[in-house]
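Build out the structure end to end from the sequences listed, making use of the hints.
So for the sequence shown, our numbering puts the first residue at 1; every next one is plus one.
Hints are supplied without guarantee of correctness; some may be wrong.
For lysine-lysine, the following DSSO-like pairs were computed, each having C-alpha atoms within a straight-line distance of at most 27 Å [unchecked claim]: (1) Lys164 x Lys145; (2) Lys145 x Lys133; (3) Lys144 x Lys127; (4) Lys188 x Lys164; (5) Lys63 x Lys50; (6) Lys87 x Lys164; (7) Lys87 x Lys133; (8) Lys144 x Lys164; (9) Lys133 x Lys63; (10) Lys154 x Lys165; (11) Lys169 x Lys133; (12) Lys144 x Lys63; (13) Lys63 x Lys145; (14) Lys169 x Lys127; (15) Lys50 x Lys126; (16) Lys165 x Lys50; (17) Lys149 x Lys165; (18) Lys154 x Lys188.
Per label pair, the in silico range of CB-to-CB distance [to be verified]: (19) Asn70 x Ser172: 33 to 43 Å; (20) Glu47 x Gln166: 35 to 45 Å; (21) Ser20 x Phe59: 13 to 23 Å; (22) Pro195 x Glu28: 15 to 25 Å; (23) Asp182 x Phe78: 40 to 50 Å; (24) Asn136 x Arg22: 15 to 25 Å; (25) Ser180 x Asp76: 42 to 52 Å; (26) Pro207 x Asp76: 35 to 45 Å; (27) Met72 x Asn21: 30 to 40 Å; (28) Asp56 x Pro207: 16 to 26 Å; (29) Pro207 x Lys169: 10 to 20 Å.
No lab work stands behind these hints: they were computed from the structure.
A virtual CB, placed ideally from N, CA and C, is assigned to each residue, including glycine.
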Amino acid sequence: MNIHKQKTKNTNFLHLEFPSNRLGVFTELLISGVYIETHLIGKSLYEFLKSELSLDDEFINNKINTIFLNNMPIDDLFSATIEHDAKIALSSSMPGLVGAILRKGSPYAMMREDITYKKVKQKNLKKGFIFLKLFNLLINEIGKKVMEKGIFLKTSILADYLMKKQILKYSSAILLNSRSTDPEEALKIINTTSPDDFIAFSVHFIPELSLKF
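Following this line, the structure appears as structure tokens:
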């Protein structure tokens with residue numbers, strides 16, 4: 001099945017209002033990786049970071065030190081283009097010699113020439129999905145933007161994560177397919193969905209003082 005159709009066919013939409021000081025509960029999820037829908041397929045990785053993730057040049061240049069596209073380290077954000085179902089990993093500075101070698105624009109880049117990304121011809125697509133992973137400091141810096149934008153996950157993965165982290169317990173509002181519901185009903189509906197179907201999941205973070213339990 002076409003992976004784009006697989007993610008959008010019969011998709012449930014789960015939206016939560018969540019205390020902003022509990023962003024950390026999504027750390028494992030963001031490290032493992034999430035799917036993001038984008039209209040920038042075929043565009044540069046720089047444009048993706050700038051337009052899709054709303055990051056400014058200072059942040060891109062100074063905070064994102066290591067970038068992988070389809071498991072290949074990136075030096076030039078302008079020539080690297082994203083394709084449908086691309087895998088993107090973003091990290092701040094990594095320690096040691098390995099971190100120095102993998103860093104974008106590294107003076108040691110010649111030591112990883114065989115695995116460095118090289119531009120390839122892309123299919124003429126505009127809309128699709130990418131698989132994004134965030135590491136170390138970028139989880140706090142970018143994670144909130146990603147969760148508020150919305151992600152796609154397999155239903156089984158999200159259901160397990162919601163229960164493991166008791167995420168619904170801390171949500172001040174739960175909307176499933178635009179309908180207000182409670183944790184028990186939300187989990188029941190999610191768990192009765194095919195585990196291989198995808199679910200759209202977004203979070204609106206609000207100050208803890210404004211929460212009403």
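Consistency of the hints with the structure:
| no. | hint | result |
| --- | --- | --- |
| 1 | Lys164 x Lys145 | holds (23 Å) |
| 2 | Lys145 x Lys133 | holds (13 Å) |
| 3 | Lys144 x Lys127 | holds (23 Å) |
| 4 | Lys188 x Lys164 | holds (15 Å) |
| 5 | Lys63 x Lys50 | holds (13 Å) |
| 6 | Lys87 x Lys164 | holds (26 Å) |
| 7 | Lys87 x Lys133 | holds (8 Å) |
| 8 | Lys144 x Lys164 | holds (20 Å) |
| 9 | Lys133 x Lys63 | holds (15 Å) |
| 10 | Lys154 x Lys165 | holds (17 Å) |
| 11 | Lys169 x Lys133 | holds (26 Å) |
| 12 | Lys144 x Lys63 | holds (16 Å) |
| 13 | Lys63 x Lys145 | holds (15 Å) |
| 14 | Lys169 x Lys127 | violated (35 Å) |
| 15 | Lys50 x Lys126 | holds (17 Å) |
| 16 | Lys165 x Lys50 | violated (31 Å) |
| 17 | Lys149 x Lys165 | holds (21 Å) |
| 18 | Lys154 x Lys188 | holds (16 Å) |
| 19 | Asn70 x Ser172: 33 to 43 Å | holds (39 Å) |
| 20 | Glu47 x Gln166: 35 to 45 Å | holds (38 Å) |
| 21 | Ser20 x Phe59: 13 to 23 Å | holds (19 Å) |
| 22 | Pro195 x Glu28: 15 to 25 Å | holds (19 Å) |
| 23 | Asp182 x Phe78: 40 to 50 Å | holds (48 Å) |
| 24 | Asn136 x Arg22: 15 to 25 Å | holds (19 Å) |
| 25 | Ser180 x Asp76: 42 to 52 Å | holds (47 Å) |
| 26 | Pro207 x Asp76: 35 to 45 Å | holds (40 Å) |
| 27 | Met72 x Asn21: 30 to 40 Å | holds (36 Å) |
| 28 | Asp56 x Pro207: 16 to 26 Å | holds (24 Å) |
| 29 | Pro207 x Lys169: 10 to 20 Å | holds (18 Å) |
When the structure is compared with the earlier hints, violations turn up for hints 14 and 16 and for no others.
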